[in-house]
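Participant: Take 8 as the starting number for the sequence shown in this note's numbering and just add one per residue.
Bear in mind the hints are in silico, worked out from the structure with no lab data behind them. Keep in mind that this is a model prediction, so the values were computed, not measured. Some clues are possibly wrong.
[What the hints assert, rightly or not] The calculated lysine-lysine pairs, modelled on DSBU-like cross-linking and capped at a C-alpha distance of 35 Å, are:
no., residue 1, residue 2
1, Lys44, Lys14
2, Lys30, Lys44
3, Lys55, Lys14
4, Lys55, Lys30
5, Lys55, Lys44
6, Lys14, Lys30
[Unchecked claim] Ranges between beta-carbon positions, derived for each pair:
no., residue 1, residue 2, range
7, Arg33, Lys55, 18 to 24 Å
8, Arg33, Gln58, 14 to 20 Å
9, Phe35, Gln58, 17 to 23 Å
Cβ coordinates follow ideal geometry from the N, Cα and C atoms, glycine included.
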Amino acid sequence: MISMNTKQEIIRRYHRENGSVRKIARGFQINRNTVMKILQEYAAAVEKTNQ
């Protein structure tokens with residue numbers, strides 16, 4: 008299971024450093040689909056908060 012700190016770092020790298028999903032996945036040694044899932048969950052949470 009991926010820790011909350013790791014998820015936060017993935018989101019930070021994607022948005023603030025304009026990181027690619029592939030590069031982030033390589034850096035954390037996890038699957039690209041996992042990175043995408045984390046980013047999608049974050050986007051859904053933000054969307055829900057903004058409603």
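Participant: Determine for every hint whether it applies to the structure shown.
Facilitator: Hint check results:
{"no.": "1", "hint": "Lys44 - Lys14", "verdict": "holds, 10 Å"}
{"no.": "2", "hint": "Lys30 - Lys44", "verdict": "holds, 15 Å"}
{"no.": "3", "hint": "Lys55 - Lys14", "verdict": "holds, 18 Å"}
{"no.": "4", "hint": "Lys55 - Lys30", "verdict": "holds, 28 Å"}
{"no.": "5", "hint": "Lys55 - Lys44", "verdict": "holds, 16 Å"}
{"no.": "6", "hint": "Lys14 - Lys30", "verdict": "holds, 15 Å"}
{"no.": "7", "hint": "Arg33 - Lys55: 18 to 24 Å", "verdict": "violated, 30 Å"}
{"no.": "8", "hint": "Arg33 - Gln58: 14 to 20 Å", "verdict": "violated, 35 Å"}
{"no.": "9", "hint": "Phe35 - Gln58: 17 to 23 Å", "verdict": "violated, 31 Å"}
Comparing the model with each numbered hint stated earlier shows that hints 7, 8 and 9 do not hold.
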